[in-house]
Amino acid sequence: MNEIQNLSRRVFIRNVGLASGGLILGCNYNLLANDIAVGSLTEFNPNLFVQLNSDGSLIIVASRSEMGNGVRTSLTSVVADEMEADWNKVSVKQAVGDAKYGDQNTDGSRSIVGFYETMRKMGAMTRMMLITAAAKKWQVNESECSAQNHFIIHTSGKKIGFGELVDVVTTLPVPANITYKDPKDFKYIGKNLKSIDVKDFANGSAVFGIDKRLPNMKVVAIARCPVAFGTVKSFDKTAAMKIKGVEDVIEFPRIEKPFGPLGGVAVIASNTWAAFKGKAALEIQWNYGKNEGYNSEKYMAELTERVHTAGKVEKETGDVNKAFGEAAKVVESTFQLPHLAHAPMEVPNAVAWVQGDSCEVWVPTQSPQDARDEVAAYLSTTVDKVTVNVTFLGGGFGRKSKPDYIVEAVMVSKTIKAPVQVVWTREDDIKHGYYHTVSAQYMKASLDAQGNVSGWLHRSAFPSIMSTFQPGTDYPAGWEAGSAADVPFEIKNFKVESGQAPAMVRIGWMRSVINILHGFSINVFADELAYAAKQDPLEFRLKLIGSDRIQDTKDSIKYDTARLKNVLKLAAKNANYSKPLPKGHAYGLAVHYSFYSYVASVVEVSMADDKVKVHNVYTVIDCGTAVNKNTITAQLEGAAVFGMSIAYYGKITANDGAIEQNSYSDYRMIRMNEAPKVHVEIVESTDRPTGVGEPGVPVIAPAIINAIFKLTGKRYYNLPLSDYDLV
Amino acid sequence: MTTLFINKKKHTIDVDPEMPLLWAIRDIIGLTGTKFGCGIGACGACKVLVDNVATYSCLTPVETVAGKNITTIEGTTENLQLLQKAWEEFNIPQCGYCQPGQLITAASLLNSNKNPSDTDIDDAMSGNICRCGTYQRIKSAIKHTAKLKNKH
Numbered sequence: 001m002n003e004i005q006n007l008s009r010r011v012f013i014r015n016v017g018l019a020s021g022g023l024i025l026g027c028n029y030n031l032l033a034n035d036i037a038v039g040s041l042t043e044f045n046p047n048l049f050v051q052l053n054s055d056g057s058l059i060i061v062a063s064r065s066e067m068g069n070g071v072r073t074s075l076t077s078v079v080a081d082e083m084e085a086d087w088n089k090v091s092v093k094q095a096v097g098d099a100k101y102g103d104q105n106t107d108g109s110r111s112i113v114g115f116y117e118t119m120r121k122m123g124a125m126t127r128m129m130l131i132t133a134a135a136k137k138w139q140v141n142e143s144e145c146s147a148q149n150h151f152i153i154h155t156s157g158k159k160i161g162f163g164e165l166v167d168v169v170t171t172l173p174v175p176a177n178i179t180y181k182d183p184k185d186f187k188y189i190g191k192n193l194k195s196i197d198v199k200d201f202a203n204g205s206a207v208f209g210i211d212k213r214l215p216n217m218k219v220v221a222i223a224r225c226p227v228a229f230g231t232v233k234s235f236d237k238t239a240a241m242k243i244k245g246v247e248d249v250i251e252f253p254r255i256e257k258p259f260g261p262l263g264g265v266a267v268i269a270s271n272t273w274a275a276f277k278g279k280a281a282l283e284i285q286w287n288y289g290k291n292e293g294y295n296s297e298k299y300m301a302e303l304t305e306r307v308h309t310a311g312k313v314e315k316e317t318g319d320v321n322k323a324f325g326e327a328a329k330v331v332e333s334t335f336q337l338p339h340l341a342h343a344p345m346e347v348p349n350a351v352a353w354v355q356g357d358s359c360e361v362w363v364p365t366q367s368p369q370d371a372r373d374e375v376a377a378y379l380s381t382t383v384d385k386v387t388v389n390v391t392f393l394g395g396g397f398g399r400k401s402k403p404d405y406i407v408e409a410v411m412v413s414k415t416i417k418a419p420v421q422v423v424w425t426r427e428d429d430i431k432h433g434y435y436h437t438v439s440a441q442y443m444k445a446s447l448d449a450q451g452n453v454s455g456w457l458h459r460s461a462f463p464s465i466m467s468t469f470q471p472g473t474d475y476p477a478g479w480e481a482g483s484a485a486d487v488p489f490e491i492k493n494f495k496v497e498s499g500q501a502p503a504m505v506r507i508g509w510m511r512s513v514i515n516i517l518h519g520f521s522i523n524v525f526a527d528e529l530a531y532a533a534k535q536d537p538l539e540f541r542l543k544l545i546g547s548d549r550i551q552d553t554k555d556s557i558k559y560d561t562a563r564l565k566n567v568l569k570l571a572a573k574n575a576n577y578s579k580p581l582p583k584g585h586a587y588g589l590a591v592h593y594s595f596y597s598y599v600a601s602v603v604e605v606s607m608a609d610d611k612v613k614v615h616n617v618y619t620v621i622d623c624g625t626a627v628n629k630n631t632i633t634a635q636l637e638g639a640a641v642f643g644m645s646i647a648y649y650g651k652i653t654a655n656d657g658a659i660e661q662n663s664y665s666d667y668r669m670i671r672m673n674e675a676p677k678v679h680v681e682i683v684e685s686t687d688r689p690t691g692v693g694e695p696g697v698p699v700i701a702p703a704i705i706n707a708i709f710k711l712t713g714k715r716y717y718n719l720p721l722s723d724y725d726l727v
Numbered sequence: 001m002t003t004l005f006i007n008k009k010k011h012t013i014d015v016d017p018e019m020p021l022l023w024a025i026r027d028i029i030g031l032t033g034t035k036f037g038c039g040i041g042a043c044g045a046c047k048v049l050v051d052n053v054a055t056y057s058c059l060t061p062v063e064t065v066a067g068k069n070i071t072t073i074e075g076t077t078e079n080l081q082l083l084q085k086a087w088e089e090f091n092i093p094q095c096g097y098c099q100p101g102q103l104i105t106a107a108s109l110l111n112s113n114k115n116p117s118d119t120d121i122d123d124a125m126s127g128n129i130c131r132c133g134t135y136q137r138i139k140s141a142i143k144h145t146a147k148l149k150n151k152h
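Chains as they are written, first to last, in UniProt numbering: chain L, 1 to 727; chain Y, 1 to 152.
So that you can see chain Y by itself, here it is in the shape it has in the complex (with noise of 0.2 Å):
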């Protein structure tokens, strides 16, 4: 049996310890926000918060992961929120599919760096492809969000 936090709700699952986080939160648990897109770390369309740091969930084992806080896209953390509500401000995704990914990974950043400069978007977001091409407005975005941030 595996404890999993996720999204500040306790979940006891019955799996195979080696099975990726990214199965055990579609399959399992049943939140299907958390995307597969390549199952070897290539898109980050799997990307899920670890102790608030963007990971790749089809990469993570369940069982290195017991006890730790998991925020998926269903999450409500706060950069989370502001970045979602950016997201449908400058209207980004198109089939929408690598957004949560794309998101989780922006609040990641947020959460390490008040105040990201274009490079530092750059090697935070490079490790998530968008196939419909939505890059500069995701990078509009978190700038928009930063400077909102740090205005309050």
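For reference, chain L alone in the conformation it holds in the complex (with noise of 0.2 Å):
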């Protein structure tokens, strides 16, 4: 049984306290060269990552949440290559929720990004110490050993395991300085390490949010207003408590946080279907509030309406108006992209058991101290009283950055006085989520007589990501906008605009977040322009990335058009791109930089019957240095799925302010029979590392559209392919 349990106290004691290094995330591990790694006898701890025992057995610490990304392997990994420890000696705690961790929020696909650096010098310093202990206890120079597989080595070919170096080493100072190891020795690093925890994922023993269990613990289902914000008016539990097994009903009211619980009706039971059970038979009366009245698809013609005029600009250079006016072609397109849920396989879910004026939870989170501080707020008590274990997560996609349902497990432990398991329907999953938001673009793009691209507008009108932390923002936050913005077109006069978009939902962030539909419409419109200029997609497509240039993205990690051209051209390339391919099949398209990650994607697709079938897909990413190929190619694999589900179903809709869907039956997934075979190609470079987990996702269903264009004639430029009965 492979639960993820809590890091033992003790593991962190020296360093609590010490002062942030100001490095990256402020993380404290950046011990001074005076302070002295004191461990005792039988273990090791240097820094906040790493214990090593006496019996040679190496704990690696994953701060940050397993959903899938890999995390657990990959960064832990980092760990033991500079240590030159035996990764058949490694195993991996994970972190409770704690600031001195640094960032511990497992989103926008920065784990890698993040910390890399930091575990390199995690296992380096550990590595230096373990030498200098062993030179002591031969009395030799340093210089004369070197740490190899779980062993210092000396010179006169005499070694010492890791583990039998304990005692010495705890009795030695940090290094100041520290030295990393030459790239080309690693041997964890840049290789295809399996998930440590793939045994248990297998035998079913890993334990997820769900499958946590506390003696005399209760199960609660929630009845929440079916309208964002509404409120409880009045309900009769009668019905309920007659239910065997439905032990009482209470209300809870909502908290307004942007992560507090929405509040509602709470079935407090001995076993989860009694509480599922019983939360049907409640007879509730809601208040629904001011979005009673939101309809998506009036929305969706209210904001079509408002890409169509100006709107507030984010972005101009030259001049756009002076362009068209001038040009040989104009081409104008209008998208329209829907909410988005979700639906990780496993719902949002929270153990809790609050006692007295101190509180654990047990939690599927991808934001462990967000969790920490909304628990303390909600029990007007310090974080230091609220202990977050982090379970296996069963997907989160950014639904489990948000720890509203955990706080909903703290508010029933707390009324109950026991330990309770709040669990989701996957009815209130896919209604009551912080929804993916939705959108209109207007494009506008002008040709000159050779096809060159003279003039340039882009129009977004969406819901914000803000509007959940402001309420009442219904403008983009600057980098919503930028992700229009920075394309990195050469294009001389250019102009991003944005219309005014009020939330009448949560809105929240959903894997790849606004590239879903930034890079949607970008690499449809300028496929569209390929067309208009008599030019094949893709020489067009390097053409208008144009020049080797840094695109001004005002980031510290620059943005290489060189590495964007590239990975296009090896997509092509591994492809057949320009062989011909089975009659009724085609190639479709699109290139996009997210997450400091260049991606592109060609996708194989044929028509029979009028229903799309996608074949193969040809994606490259260049991610800079690659930690672990195999999670990469699998994040690959699993992204081009996620774009297809998206492509082919992905719809969410509000009717009379309630979410019209209800489970996977009619909010659809991709299945096997529809998948396709993904060839993942992955560049090799020794640049900083960036994200995977996100990046890509936004190629794939613009390049299903491209292809369908090719194939058809036909432009489709609103999602999802469903509504044209098309898969």
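Just so you know, the hints here were simulated from the structure itself, not pulled from any lab data. All values reported here derive from a predicted model rather than from experimental measurement. Hints may be right or wrong, so weigh each one.
To be verified - The calculated lysine to any residue pairs, modelled on SDA-like cross-linking and capped at a C-alpha distance of 25 Å, are: (1) LYS613(L) to GLY127(Y); (2) LYS677(L) to LYS10(Y); (3) LYS492(L) to LYS714(L); (4) LYS10(Y) to SER270(L); (5) LYS191(L) to SER270(L); (6) LYS611(L) to ASP120(Y); (7) LYS298(L) to GLU283(L); (8) LYS543(L) to SER578(L); (9) LYS414(L) to GLY356(L); (10) LYS68(Y) to ASP656(L).
Said to hold, decoys possible - So the derived label-pair ranges between C-beta atoms look like this: (11) ARG549(L) to LEU148(Y): 46 to 54 Å; (12) HIS144(Y) to LYS329(L): 52 to 60 Å; (13) ASN113(Y) to ARG549(L): 51 to 59 Å; (14) LEU148(Y) to ALA562(L): 39 to 47 Å; (15) LYS613(L) to LEU148(Y): 26 to 34 Å; (16) ASN52(Y) to GLU332(L): 53 to 61 Å; (17) ASN576(L) to SER117(Y): 24 to 32 Å; (18) SER556(L) to GLU89(Y): 39 to 47 Å; (19) ALA477(L) to THR12(Y): 54 to 62 Å; (20) ASN52(Y) to MET607(L): 35 to 43 Å.
Unchecked claim - To give an idea of the chain Y side of the interface with chain L (calculated C-beta under 8 Å), a few residues: (21) GLY33; (22) CYS43; (23) CYS95; (24) CYS98; (25) LEU103; (26) THR134; (27) LYS149.
The beta carbon of each residue, even a glycine, is placed where N, CA and C say it ideally should be.
Each of the two chains sits in its own frame; use the hints to bring them together as a complex.
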């Protein structure tokens, strides 16, 4: 049984309270030279992340959440590699939520971006100290010693295991200057390591949040208002109370915070089935509130109208109107993309136990520190009274960054003074999420006589994620608009605008976030322009990206157009893009930069009986240094399927303020019979490692649309394809 | 009282006879490898073998399977164990949550079809959703396992 456990408190003790070294993300790992790494005779903890035991076993801490991203393997393997540890002696401990680990919010594809160097340092520091310890033990010069696969080896040939050095190494100071391995000597980084948890996933012993059990734990299902932020008017619990196993029914108010529970009526039961049945038996009258009028179809019409008139200017160079006036050809298109729900396989759920002024939770969370802060705030206590144990997550995709469901469990536990598990039904998950936004976009471009793009106008209207944090926000945040503004096309006259869009449901971030909509429109529109210019889409796109240069994104990690073109060329090469396909098959392509990584996909699509079939997806990523190739490949295989679900079926709608979809039956996902073969290439690079989990998603839907156009001559600007009976 | 034979072990439980097998297994008997995904038979995360056939436990009232042989992911049938080994070898799971249901379904397929074609695999496995998108690895692992078995 491999339950992700609390890290034993003793592992941390020495480092608690050390000032942050001020390195990236403010993690307390930057021990000063005069700090002593204290340890007992049987264990050595040079830093927050490493515990070496005298039997040679090595525990490495995963501070970030495992939801399929492979982080429990990738980041820990970086430590092991720098340390020259034997991977077979490594076990991984999941950290509790604590600011001393630095940022633990596992979203934004930034675990490796943010912690690669930190983890190298943790490993390198430990290796150096083990070398010093061996030299001391042998009374030899350190330069005559080296680390190799869990041993320190002396030039004479004698060797000593890491574990046998624990007694000496714990008396040593932490080195002031860290020396790192030469990347050519890496033995785990850049290779194909299997998930350290693979066995537990395959035999069913991995403990997800929903699998956590406590003695005398009650199970809770909550009925929430169908309309976002509506409240309970009255309810009748008579029928619910008659159900065997139902013990109580209690109303809870909404907490008006970004991550606050929606409130509702909670059914407390002895098992999950009774809780679900009890919830279904409740009779509740609601005050629907101000969002009752939300009709997503009507709203889409309003958004569309808005993008057909001038908006707020986000970026402008040259004069697009002049370019349009002088153009040989002008192309205009309007795009409509619906709300999406994350729908991770494991529904939101949380176990909480409030005892006195303390609280412990066991939760599948992407953001354990947010959870800790929210729970402490709810209990009007300090974070040191709150322990957030992080379980495995059965998918997250951004949903489990928001700890509303965790605070729900805490509310109930506090009220009934018992350990509880709140479990959402799938319907709850679909109907009460933090939805990916809904958008209308208008694009207009001009071509000169040579078929070059002379002007580009991109106008988007969509409720901003910021509306969740600052209610009333009805224009995009700078970073949201930026994903349209930073498009790396060499166009003289260029303008990006935003339209007003108030939020009528909770808006959140979902795997690849704003890139879902902008990656779609930009890639589809660029393809449309290629045909308007009577040029091949690949050649046209490479020309549109233009010269090799650094695109100005005001970010410290540089956006290099040469790398963008390279992934596109490689994807085309891998697909044999220039060779003819079987009759009735066609290629579509898309390329996009997000989370600091460059991704292109070429998809092979056919149409039979007016139905789309995606046969092959050729994806190439340049994510700088590849830490675990197996994980990267898996993430891109998965991103292709995730992107296809968006393209085929992704649509959440609202009527009278209530979400109309219910479950996987009417909010469908790609299944095996629809899944393509995904062929992944990872560009060899020694650049800084960048994001992997998300950047594979945005290219898939537009590439499919572009292939369909090539096959049928018909361009689809709106998703999903199920609306057109094409899937 | 309902008597269930799960992984060759007898359990006598006192529950609402309509309680789905899923919740009897997870909440009453305490085997948590079998997962809740949707409760309506749309995702396959809950599948268990009932007399060697993959069955949506979320739709199966306990009274209907009393006395039958039930195998969960914690069980040890030959096909299940061979597939689990292949799942490790092909490093299939990402988040891992749907994989018990995938493995049970694959085991059911191999119980009835020694040499499944790609279409057979698609047909058998398309009741199971993997939101992480591990389908192509699952397909490879099933083919590999069938081949391995047929060699002996």
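Comparing the hints with the structure gives:
The straight-line distance between the Cα atoms of LYS613(L) and GLY127(Y) is roughly 19 Å, inside the 25 Å bound, and the hint therefore holds. At most 25 Å may separate the alpha-carbon atoms for a hinted pair to count; LYS677(L) and LYS10(Y) exceed this at roughly 43 Å. The straight-line distance between the Cα atoms of LYS492(L) and LYS714(L) is roughly 29 Å, outside the 25 Å bound, and the hint therefore fails. Taking the CA atoms of LYS10(Y) and SER270(L), the gap is about 22 Å. The hint holds against a cut of 25 Å.
Proposed proximity of LYS191(L) and SER270(L) is contradicted: the alpha carbons are some 48 Å apart, above 25 Å. For the proposed pair LYS611(L) and ASP120(Y), the alpha carbon gap of about 21 Å is at most 25 Å, so the pair holds. Restraint check for LYS298(L) and GLU283(L): the C-alpha separation of about 30 Å exceeds 25 Å, so the hint is violated. For the suggested pair LYS543(L) and SER578(L), the alpha carbons sit about 17 Å apart, so the restraint of at most 25 Å is met.
Note on LYS414(L) and GLY356(L): the hinted pairing holds, with a Cα-Cα distance of about 9 Å set against a maximum of 25 Å. Distance restraint check for LYS68(Y) and ASP656(L): the Cα-Cα separation of roughly 47 Å exceeds the 25 Å cut-off, and the hinted pair is therefore not satisfied. About 53 Å separates the C-beta atoms of ARG549(L) and LEU148(Y), a value consistent with the hinted range of 46 to 54 Å. HIS144(Y) and LYS329(L) have their C-beta atoms about 53 Å apart, which keeps the hinted 52 to 60 Å range intact.
A beta carbon spacing of about 56 Å between ASN113(Y) and ARG549(L) agrees with the range 51 to 59 Å that was offered as a hint. Restraint check, LEU148(Y) to ALA562(L): a C-beta distance of roughly 46 Å satisfies the suggested window 39 to 47 Å. Between LYS613(L) and LEU148(Y) the C-beta distance comes to about 30 Å, which sits within the given range of 26 to 34 Å. Remark: the range hint 53 to 61 Å for ASN52(Y) to GLU332(L) is upheld by a beta-carbon distance near 60 Å.
Distance hint for ASN576(L) and SER117(Y): a CB-CB separation of about 26 Å, consistent with the stated range 24 to 32 Å. Range check, SER556(L) to GLU89(Y): about 41 Å between beta-carbon atoms, so the 39 to 47 Å window is met. At about 59 Å, the beta-carbon gap between ALA477(L) and THR12(Y) stays in the expected band of 54 to 62 Å. Look at ASN52(Y) against MET607(L): about 40 Å separates their beta carbons, and that is inside 35 to 43 Å.
The beta carbon of GLY33(Y) comes within 2 Å of a beta carbon in chain L, closer than 8 Å, and the hint placing it at the interface holds. For CYS43(Y), the interface hint holds, since its Cβ comes within 8 Å of a Cβ in chain L; the closest pair sits about 5 Å apart. At its closest, the beta carbon of CYS95(Y) sits 3 Å from a beta carbon of chain L; the interface hint therefore holds under the 8 Å criterion. With a cut of 8 Å, the hint placing CYS98(Y) at the interface with chain L holds, because the nearest CB-to-CB distance is about 5 Å.
Checking LEU103(Y) against chain L: minimum C-beta separation of about 7 Å stays under 8 Å; hint holds. At about 7 Å, the closest approach between the beta carbon of THR134(Y) and any beta carbon in chain L falls short of 8 Å, and the interface hint on this residue holds. A cut of 8 Å between beta carbons decides the hint on LYS149(Y): the least distance to chain L is about 17 Å, and the hint is violated.
Of the numbered hints stated above, those contradicted by the structure are hints 2, 3, 5, 7, 10 and 27, listed in ascending order.
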